[in-house]
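Chain by chain, the residues run as shown.
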Amino acid sequence: MDDTLGTLARADEAKLKTFAETLIHELGEIEVLKSQSGLVMLPIRDTAKGVAFHLGEVLMSEAHIRKGDAEGYGMRRGHDLEASMAMALVDLAMATNVRVSDCKAFCDAQAEALQNADDDLLRRVEATRVNMETF
Amino acid sequence: MAYVATRGGERAIEQSERLFREEMGGFDRQRVEEVKKSLPYLIDRVMGEASLYDEDLAALALAQTGGELYEAVLLLRAWRTTQPRLQVAEPIEQDTLFTHRRISAAFKDIPGGQVLGPTLDYAHRILATDVLQGEGYAPEPVEPAANPSPAYQPSVSAWQAENDLLEQPTPDGTTGNDIPDLTREPLLFPSKRAHTLQSLARAETGGVLALGYAAMRGYGQAHPTVNELRLAEAEIAVTHPDGRQFSAGRVKVSQAEVVDKKGEKLGIGYAATLGWNEVKCISAATLDLNSPGAEKGSATEEEFFLYHTEGVESSGFCIHFKLPHYVTFQSSLDAMRDAKAKKAEQSKSSDMEPAE
Chain A
-8 MDDTLGTLAR ADEAKLKTFA ETLIHELGEI EVLKSQSGLV MLPIRDTAKG VAFHLGEVLM
52 SEAHIRKGDA EGYGMRRGHD LEASMAMALV DLAMATNVRV SDCKAFCDAQ AEALQNADDD
112 LLRRVEATRV NMETF
Chain B
43 MAYVATRGGE RAIEQSERLF REEMGGFDRQ RVEEVKKSLP YLIDRVMGEA SLYDEDLAAL
103 ALAQTGGELY EAVLLLRAWR TTQPRLQVAE PIEQDTLFTH RRISAAFKDI PGGQVLGPTL
163 DYAHRILATD VLQGEGYAPE PVEPAANPSP AYQPSVSAWQ AENDLLEQPT PDGTTGNDIP
223 DLTREPLLFP SKRAHTLQSL ARAETGGVLA LGYAAMRGYG QAHPTVNELR LAEAEIAVTH
283 PDGRQFSAGR VKVSQAEVVD KKGEKLGIGY AATLGWNEVK CISAATLDLN SPGAEKGSAT
343 EEEFFLYHTE GVESSGFCIH FKLPHYVTFQ SSLDAMRDAK AKKAEQSKSS DMEPAE
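So the sequences go chain by chain: A and B. Under our numbering, the first sequence has 105 at position 114, and the numbering climbs by one with no breaks. Under our numbering, the second sequence has 222 at position 180, and the numbering climbs by one with no breaks.
Accuracy of the hints is not assured; some may be wrong.
No more than 25 Å apart at the CA atoms, straight line, and that leaves these computed lysine-lysine pairs for PhoX-like [claimed, not checked]:
| id | chain 1 | residue 1 | chain 2 | residue 2 |
| --- | --- | --- | --- | --- |
| 1 | B | Lys307 | B | Lys150 |
| 2 | B | Lys150 | B | Lys304 |
| 3 | B | Lys303 | A | Lys40 |
| 4 | B | Lys304 | A | Lys40 |
| 5 | A | Lys25 | A | Lys8 |
| 6 | A | Lys58 | A | Lys95 |
| 7 | B | Lys338 | B | Lys304 |
| 8 | A | Lys40 | B | Lys382 |
| 9 | B | Lys338 | B | Lys234 |
| 10 | A | Lys8 | A | Lys58 |
| 11 | B | Lys78 | A | Lys6 |
| 12 | B | Lys234 | A | Lys40 |
| 13 | B | Lys79 | A | Lys6 |
| 14 | A | Lys40 | B | Lys307 |
Hints were generated in silico from the structure; no laboratory data involved.
Using the sequences and the hints given, assemble the complete structure.
Written as structure tokens, this is what we have:
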């Protein structure tokens, strides 16, 4: 699994849009292949027989852009075409060596924020662990 | 079918919908946000039954229908059909679930331990009537542990399989559009396992509980013990056009394994759904556990429980009885009158027969 794309898909939407906007000028002319919302079917594997089956579909936003041979892609949960386009712009910037260090710094900061949020949640979950004794 | 086309109701129909909506009042984005924020478990239930995950859409459907759950699910199922399918994600594997709650009633010392997570299982069920007197309700804050809980755990059944308590299943390897899909194929019997579990995942909670409860009370062949109950978030693993896989976000899922002694090993039933809905998963897993060899027409036989827990079809069939059945009913009345007349004629002719 690609961690950078995973981070962009869950990054704070306002910060992602603000950052991606700063890349537009330097990226120059790009071709928009897709900017749409739609559904992603989500399967899970059953633990009794090992069979994969569909749980249902998730509303997603998708953006696919191109500059020369390089492609940028964004897919995020919910209906927010600007956010998925912002993700695709950052992906394209990294693929075309446009402000790569800034993009990496943005992704690192977002990854850290997401990790901190997960840790905070899991510390609260850990508080509910049962230290069971029988007597 | 004996239906009849009628005229004269157009204005009444239009006004009846207006009356429904007028009595409910208007709604706006703010109402939708309030529904989403204040009723997360109802949102989860609706998303699971609609088999469409998006909190905004589920909250909108609830706001638009005034909380009429069958209508809300129908709205979402109908809307779903208008949308393109972008991809089929990679199947969720157990050890990738970001776990909030994982308990077992079968084994005290499961690997990873028992983590209660968010639950009212042990709460006093006392209605907070003070709120109606103007008091606010502020929950006590959680006292976080020093270290985070391990987010990722294998299923309890995987550990049992290692200990030869049940059969280790072989993953079927089916992915993408090759996974059988009830939204594009008919449900046929005997049902494919992927269809059975998909149908239970989108089944109506009350229906699944009613039939699962029948099995639990003794009308089934196996008594369930909860082997694992898990509330988690699952990654949506999609593919970039260049082939890289990545998680496009997380959704809430719940799942249950139930077991029963079966010969020298444990029998196991499984169910999962979108959103957090424990009652549905335990009930559905109980039906799965009981279904092999179930008697035709019994609550635990797959054709019976799959047909009768499909909420949109069952509620739709139920409410269709409100539609004009004037011809069929008139026909019944004619038959009754005819029988009555024949009976009267018979009794009249027997009265006229001479006494022997």
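Tested hints:
no.	hint	result
1	B:Lys307 x B:Lys150	holds (19 Å)
2	B:Lys150 x B:Lys304	holds (21 Å)
3	B:Lys303 x A:Lys40	holds (17 Å)
4	B:Lys304 x A:Lys40	holds (16 Å)
5	A:Lys25 x A:Lys8	holds (18 Å)
6	A:Lys58 x A:Lys95	holds (20 Å)
7	B:Lys338 x B:Lys304	holds (21 Å)
8	A:Lys40 x B:Lys382	violated (60 Å)
9	B:Lys338 x B:Lys234	holds (17 Å)
10	A:Lys8 x A:Lys58	holds (20 Å)
11	B:Lys78 x A:Lys6	holds (23 Å)
12	B:Lys234 x A:Lys40	holds (12 Å)
13	B:Lys79 x A:Lys6	holds (23 Å)
14	A:Lys40 x B:Lys307	holds (15 Å)
In this structure, the one hint that does not hold is number 8.
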